[in-house]
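**Student:** Once you have looked at the hints, place chain V on chain P.
Read top to bottom, the protein sequences are chains P and V.
The opening position of the first sequence corresponds to residue 1 in our numbering, with each subsequent residue numbered one higher.
The opening position of the second sequence corresponds to residue 1 in our numbering, with each subsequent residue numbered one higher.
Please note that a few of the clues may not be correct.
Unchecked claim - With a straight-line Cα cutoff of 27 Å, these simulated DSSO-like cross-link-like pairs (lysine-lysine) come out:
(1) Lys81/P with Lys57/P
(2) Lys76/P with Lys57/P
(3) Lys55/V with Lys66/V
(4) Lys76/P with Lys20/V
(5) Lys81/P with Lys66/V
(6) Lys55/V with Lys20/V
Stated by the list, open to error - What the simulated footprint calls covered on chain P by chain V, stretch by stretch (three residues with Cβ under 8 Å from a Cβ of chain V suffice, anywhere in the stretch; the number is not a length):
(7) 54 to 68
(8) 92 to 100
Hints in this document: simulated from the structure, not taken from any laboratory.
By construction, the Cβ of each residue, glycine as well, lies at the ideal position given by its N, Cα and C atoms.
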Amino acid sequence: GQNIDQPTEMTATEGAIVQINCTYQTSGFNGLFWYQQHAGEAPTFLSYNVLDGLEEKGRFSSFLSRSKGYSYLLLKELQMKDSASYLCAVRDIPTDKLIFGTGTRLQVFP
Amino acid sequence: GAVVSQHPSRVICKSGTSVKIECRSLDFQATTMFWYRQFPKQSLMLMATSNEGSKATYEQGVEKDKFLINHASLTLSTLTVTSAHPEDSSFYICSARDGGAETQYFGPGTRLLVL
Numbered sequence: 001g002q003n004i005d006q007p008t009e010m011t012a013t014e015g016a017i018v019q020i021n022c023t024y025q026t027s028g029f030n031g032l033f034w035y036q037q038h039a040g041e042a043p044t045f046l047s048y049n050v051l052d053g054l055e056e057k058g059r060f061s062s063f064l065s066r067s068k069g070y071s072y073l074l075l076k077e078l079q080m081k082d083s084a085s086y087l088c089a090v091r092d093i094p095t096d097k098l099i100f101g102t103g104t105r106l107q108v109f110p
Numbered sequence: 001g002a003v004v005s006q007h008p009s010r011v012i013c014k015s016g017t018s019v020k021i022e023c024r025s026l027d028f029q030a031t032t033m034f035w036y037r038q039f040p041k042q043s044l045m046l047m048a049t050s051n052e053g054s055k056a057t058y059e060q061g062v063e064k065d066k067f068l069i070n071h072a073s074l075t076l077s078t079l080t081v082t083s084a085h086p087e088d089s090s091f092y093i094c095s096a097r098d099g100g101a102e103t104q105y106f107g108p109g110t111r112l113l114v115l
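One chain only, chain P, in its complex shape:
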């Protein structure tokens, strides 16, 4: 079966660092994506990992370990506008479908 797990909710303080974990068990794997979704809006692309290691993009970084079925999204220098849901998604083989986790709702407090 397909299973992608993320924490349901997290809280953090403005200026801090937060790590959102994602574990997956899927029949196929062709990349892992992180999306940000603000309430009432569509998801926006944050990062893509297909090889093991860390991908850094400004304040956001994403890590992947394929052998462990594990990824995390690291957000640095948190801002109030980072309050949103963060969705982890695995691309399936051979269908190319994205299989989404339940999402992690992050609240950033002043």
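**Tutor:** Relative to the frame of chain P, chain V by itself:
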């Protein structure tokens, strides 16, 4: 990144009517588009994969006769919710993949309310 549009952004309809939602890739050609549904405080659930020039592939539990998908061109896919009922009220989101790219880009979503 690539731009995907959806129309309408919001629609309210009476029970029993049909609603058509359009998804367009504005600056790239998308051989494949995906349709998702999202209920409040839940994640995205894939409904179907739309391939240009061929029949859509529906996920298990999604009624193909109720949710009609047409991918008539490389930049347009439509989802028609036929005989809508209140339980069809949801946030419908399409995404498209630029053939040579790895990323799916999402449209802004359509909020459907069936009274």
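**Student:** So, against the hints stated earlier in the document, which numbers end up violated here?
**Tutor:** When the structure is compared with the hints, numbers 4, 5 and 7 turn out to be violated.
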